[in-house]
Amino acid sequence: MTTTTHDNHSAFLLSLPNIYSQSPISCCVFSRTMVSGAIALAFLPLVLTFIIRYRYYFVLFYRAVLVRMWYDCTTGLSREERAFQYVLTHAIPGDPESILETFDLWCSKVEFISNIGPKKGKIMDRMLSEHCPLTVLELGSHCGYSTVRIARALPLGARLYSVEMDAINAAIAEKIIRLAGFDDDTVELIVSPSDEVIPRLRADYGLERLDFVFMDHWKKCYRPDLQALEGSGLLGKGSVVLADNVLFPGAPNFLRHVRKSGLYEWKIHRATLEYSKGIRDGMAELVYQGIK
Amino acid sequence: AKEKERKKERDRKRRRNVARRASSARKQGNELEDRPGREERRGRKKRDKEGKGKGGEDERQEEVKNDTVAKTQKNFSNENTRKLEQKEVEVVGEEDGDTEEKRKNGRSEKGGKKEDNGRGETVEKKQKKKRVETSEEHESSEEEEDEEEKVGEEKPEVLSPEELEKLKEEVDERKKLISTLRGKPWPMRKKLLTLRESHEFVEKYEGALGKGKSRKLYAYKVMMLKKWMKFQRDFENFKTACVPWEMKIKEIESHFGSSVASYFIFLRWMYGINMILFGLTFGLVMVPEALMGRPYGSMPRKTVPRADEANAMDFAVLWDFGGYAQYSVLFYGYYNSQRAIGWLKFRMPLSYFLVGVGTVAYSYMVVIRTMARNANEDGGGDNNSFNFSWKMFTSWDYLIGNPETADNKFASITTSFKEAILEEQESRKDDNIHLTRFLRVLANFLVLCCLAGSGYLIYFVVRRSQKFALEGLESHSWWERNEVNMVMSLLGMFCPMLFDVISALENYHPRIALQWQLGRIFALFLGNLYTFIIALMDEINLKREEEEVLKLNMTIWEASLYNGTLGANSTAPPITVHPADIPRGPCWETMVGQEFVRLIVSDTMTTYITLLIGDFLRAVLVRFLNYCWCWDLEAGFPSYSEFDVSGNVLGLIFNQGMIWMGAFYAPCLPALNVLRLHVSMYLQCWAVMCCNVPQERVFKASGSNNFYMAMLLVILFLSTLPAIYTIVTIPPSFDCGPFSGKSRMFDVIQETLESDFPAWFGKVFSYASNPGLVLPFLLLMVLAIYYLQSTSKSYKQANLELKKKLQTQNEENKKKTKMAALKAAMDLEEAQKARSEAPRQQRKNNASQQSYTGEKNTVTGHLVSSFVFVYPPAPRGHRIPGPLPGNQWQPAPSVQRVPNSQRH
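Chains A and B, in that order, are what the protein sequence lines are.
Counted the way UniProt numbering counts, the first sequence spans residues 1 to 292.
Counted the way UniProt numbering counts, the second sequence spans residues 1 to 904.
FYI, nobody ran anything at the bench for these hints, they're computed from the structure.
Model, not experiment: these values are computed from the prediction.
We put the CB at the ideal spot given by N, CA and C, even for glycine.
Treat the hints with caution; some may be incorrect.
Here are the computed lysine to aspartate or glutamate pairs in the DMTMM-like style, where the Cα-Cα straight-line distance is at most 20 angstroms [claimed, not checked]:
#1 B:Lys168 / B:Glu200
#2 B:Lys248 / B:Asp407
#3 A:Lys277 / B:Glu506
#4 A:Lys277 / B:Glu696
#5 A:Lys175 / A:Glu81
#6 B:Lys391 / B:Glu424
FRET-style restraints, in silico, Cβ to Cβ [said to hold, decoys possible]:
#7 A:Pro199 / B:Phe624: 26 to 36 angstroms
#8 A:Arg270 / B:Gly279: 35 to 45 angstroms
#9 A:Ser232 / B:Ile609: 51 to 61 angstroms
#10 B:Ser489 / A:Pro199: 23 to 33 angstroms
#11 B:His678 / A:Ile51: 50 to 60 angstroms
#12 B:Phe438 / A:Ile51: 39 to 49 angstroms
#13 B:Leu625 / A:Ile123: 23 to 33 angstroms
#14 A:Arg256 / B:Val287: 57 to 67 angstroms
#15 B:Asn541 / A:Ile51: 37 to 47 angstroms
#16 B:Gln807 / A:Arg270: 30 to 40 angstroms
#17 B:Phe624 / A:Arg270: 21 to 31 angstroms
#18 A:Arg259 / B:His509: 30 to 40 angstroms
Computed footprint of chain A on chain B, listed as stretches where at least three residues anywhere in the stretch have a Cβ under 8 angstroms from a Cβ of chain A [what the hints assert, rightly or not]:
#19 480 to 489
#20 497 to 508
Required output: the full structure, derived from the provided sequences and hints.
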């Protein structure tokens with residue numbers, strides 16, 4: 001206690017040397033700093049509580065924002081490019097398994113990219129193997145991690161349409177996909193915002209029905225895109241929509257819509273955020289039931 | 001009484017459930033019986049259909065409570081009415097058509113399962129009609145019945161004595177069958193069928209045994225019995241309705257679990273105690289003084305001093321309990337030391353003293369008595385074998401007719417399941433014990449550090465404030481003057497949060513975690529309380545010094561007054577000085593009372609404001625900002641708040657401690673506290689239901705928590721210490737309060753003994769208070785306590801052992817039954833195998849005739865044994881439920897939290 005107040009005092013002394021030299025005022029200033037010290041110390045438990053309780057969020061902030069800014073400045077490359085470089089140098093080309101593992105390694109050890117991650121990825125793998133979808137739509141391929149993950153689990157003859165808005169990310173995703181050994185017949189990458197793509201899917205790509213839709217793009221677009229999908233008539237009875245990150249960062253509007261529309265049988269798979277232990281997150285699994 | 005009532009209710013429910021299952025047939029008979037006329041029947045039916053709540057409930061309960069014997073007569077007449085109805089309605093179909101419909105009607109609330117039964121029943125009934133009865137009596141009676149139907153209703157049936165005898169025997173037999181049915185080694189289906197048939201039979205023919213006049217008397221008796229039952233039940237309902245806030249608490253319990261409810265039950269209990277304290281102080285101190293004491297303005301102690309008169313009515317002054325509030329019955333200083341007041345000769349000072357002592361004594365008594373009762377209820381050991389089966393099969397209350405109640409019940413069942421699953425999980429948890437121990441020690445160390453740090457901070461601040469006080473408060477800023485309060489309230493607010501975070505390390509069962517948390521916050525608050533008391537003591541000493549100075553000045557003032565006006569003439573009328581002008585002492589007692597009242601008021605305000613801001617505002621923001629926010633506020637970071645049981649309980653307990661400490665110097669404190677508790681009951685109930693979410697891990701806590709009581713007892717003790725200290729050691733102020741002029745406050749007792757009681761009484765009292773008599777008495781009491789405690793301990797142990805024994809016995813029986821069943825099944829299999837192999841063997845081994853016959857013998861032996869031992873009756877221990885199928889059920893590995901967003 002005494003040391004802290006002393007520190008306060010000395011800091012004050014440094015900043016206001018000329019005032020301190022005048023004795024009556026300095027006495028007053030001295031006591032005022034002491035007061036704030038005692039009351040400020042009473043706030044220490046609060047600060048500690050916040051730090052301990054939200055430590056995962058702080059870590060996430062550090063890894064996803066600070067480290068990224070630091071590397072952006074030092075390397076001059078974007079985060080996705082760095083990830084691609086790492087994968088290129090460390091993974092075995094043509095082996096999706098190895099590419100995914102390398103990605104996971106990079107994301108958990110070096111930097112943070114919000115891929116679907118290994119744990120939630122397993123849930124998705126299981127669902128894919130259960131449903132055996134033939135036409136899959138992915139919204140938001142980002143670096144291509146989830147695209148590779150889905151393509152790996154698809155049955156023969158199935159086709160995956162992956163939508164990415166950002167051209168640079170799409171280029172990297174393309175490279176990753178090709179590196180994993182999937183050709184144009186299996187995976188088709190569409191570089192365009194999702195709200196433009198969905199209405200054109202039937203006309204431009206000749207789709208009749210989507211068996212599986214995976215959403216991992218902007219959380220705000222979840223609901224409009226879902227509504228667009230409903231409107232386009234591409235969802236048939238039994239089509240599965242899987243939406244990642246519905247709890248953190250969270251898509252409350254989407255969940256509300258799902259709950260209220262009555263078109264779906266839905267459940268939330270609870271898990272933690274990818275590459276992080278303490279932040280709770282969930283994936284929403286919707287099975288389209290159609291209008292009863 | 002509450003507990004008892006609840007238990008009774010539970011029992012009743014269970015009984016009802018069992019009985020309902022057992023007597024579905026009986027019920028219909030009764031329902032029918034109640035409707036003699038057609039119109040009335042219609043009305044009744046309609047009512048049944050409309051609201052199955054109250055009416056249906058009544059009816060069914062009645063049925064349950066009536067024993068079978070009580071039904072004899074009714075059922076007979078019931079038979080008749082049914083026939084009447086048939087005639088009137090002219091139903092051409094089968095006899096049961098009408099009844100069938102009604103049966104379904106009555107049972108529709110029991111869910112689909114029962115309906116299935118109903119359908120099965122119709123089939124059975126038809127079969128029964130066709131079936132040829134084995135017993136002769138039955139047949140004859142059926143024939144009789146048929147005859148009757150032909151003849152008509154009016155003619156009463158006539159039975160010969162032999163027939164009656166036979167019928168009686170048959171009825172007795174059936175009754176016996178019903179009572180022993182549970183132990184019969186039959187499949188469930190058969191049991192149910194038999195039960196139903198026998199019940200019907202008994203109902204039908206028991207009535208026939210009565211005769212003419214006695215029958216009528218009997219009917220009258222039964223009616224009265226029913227009325228009496230109904231009255232009793234209504235009375236019970238009334239009693240439940242009289243328990244304040246029972247419904248609110250039940251609702252909260254069903255949604256938030258018993259731990260949150262335990263707080264509210266505690267709050268209600270506290271309210272009751274405070275009501276009595278309030279009654280004592282109000283009725284015996286405040287009202288007599290206000291009515292019979294000298295009026296305001298008659299004496300200096302009852303008048304606002306001249307200097308304060310100008311702003312004595314300002315709100316700011318009144319809010320600070322100064323001005324007119326200070327010079328009123330609310331505070332100690334207003335009371336006069338007159339021995340007896342009014343025409344009643346009410347002994348005011350004595351009453352004041354006795355009420356002060358009596359409130360504390362009463363509180364001790366109540367707390368200790370409640371603790372003892374709770375300890376009795378705990379019992380020790382677990383009686384929750386087959387816990388999940390019980391919950392699974394018996395938790396739904398089929399009498400619920402109100403959708404809201406049904407929702408509540410649903411929530412409460414879910415919560416109770418969660419609680420039970422948590423208990424089970426905790427009991428099976430076996431982690432790395434060393435790591436856990438280390439973490440627990442570490443957590444305690446951290447908490448101790450935190451406590452020491454905050455203690456030092458408070459000490460430091462208090463010392464500094466004393467320094468400021470010596471220097472004079474005017475030269476310091478507002479922050480400096482209020483530093484102690486600020487630091488104390490900030491620490492009191494934030495440290496529990498830190499403890500909560502630290503306690504996550506320990507990995508305790510939430511109930512135990514709550515106790516630890518309570519203990520830690522208790523230590524923290526205690527520090528705060530005692531700093532407050534020490535500061536008060538300093539203040540008291542200051543005031544007393546002031547008083548000494550004033551006493552001296554007083555004599556000078558008086559002398560100057562006389563000298564100035566009197567002059568030479570000594571026969572002048574006595575000088576009258578307005579009481580407001582007379583100088584007076586500082587009256588430390590009133591000061592103490594004021595401090596406590598202010599503390600209580602500010603504490604209450606803080607509580608309510610934190611409630612409104614921390615809970616309500618947060619909930620509103622979370623709810624409505626969620627429409628336009630970038631992450632999910634409800635599920636994510638701010639979320640809704642949980643109800644903080646530990647903080648609230650401790651707030652309540654410390655608040656009560658303040659009341660006990662301050663009530664002697666401010667008689668208004670209990671009244672204030674009653675007001676506060678009343679408001680906070682409503683406010684918190686509303687806040688909990690409106691803006692809190694249930695805890696992540698809902699755990700079970702008993703409604704009457706002894707841990708709370710123990711803390712309350714400690715606080716009671718700690719808060720009476722300073723009060724008693726001040727009463728015994730510090731002389732009262734010379735010019736205010738009921739004890740002014742005495743050297744000690746308790747002198748009032750002696751005074752009363754001397755002047756109001758006969759001399760011998762004083763003598764006896766002085767003998768009785770002789771240490772030579774008191775010490776042996778105390779010794780005797782200690783010995784008695786020791787003896788009683790040890791005996792109760794041994795009883796408890798014996799109880800526990802008996803319980804254990806019962807349990808093991810039960811398990812053994814279960815095992816035996818299983819073994820026997822297994823053996824029987826094996827034997828049966830063997831026998832079948834042998835039988836199928838036998839012809840083959842016969843064909844093959846014609847030569848070995850001898851051995852074949854031997855084998856055949858054994859085969860038949862096996863068969864016989866298997867038939868005998870297929871389902872041996874399961875013996876039952878006292879109070880232990882039979883092995884229900886749900887027993888093997890394993891709890892799910894994780895309790896998932898209901899997503900917050902689902903509440904909307």
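Worksheet entry | Non-conforming hints, listed in increasing numerical order | 8, 10, 11 and 12
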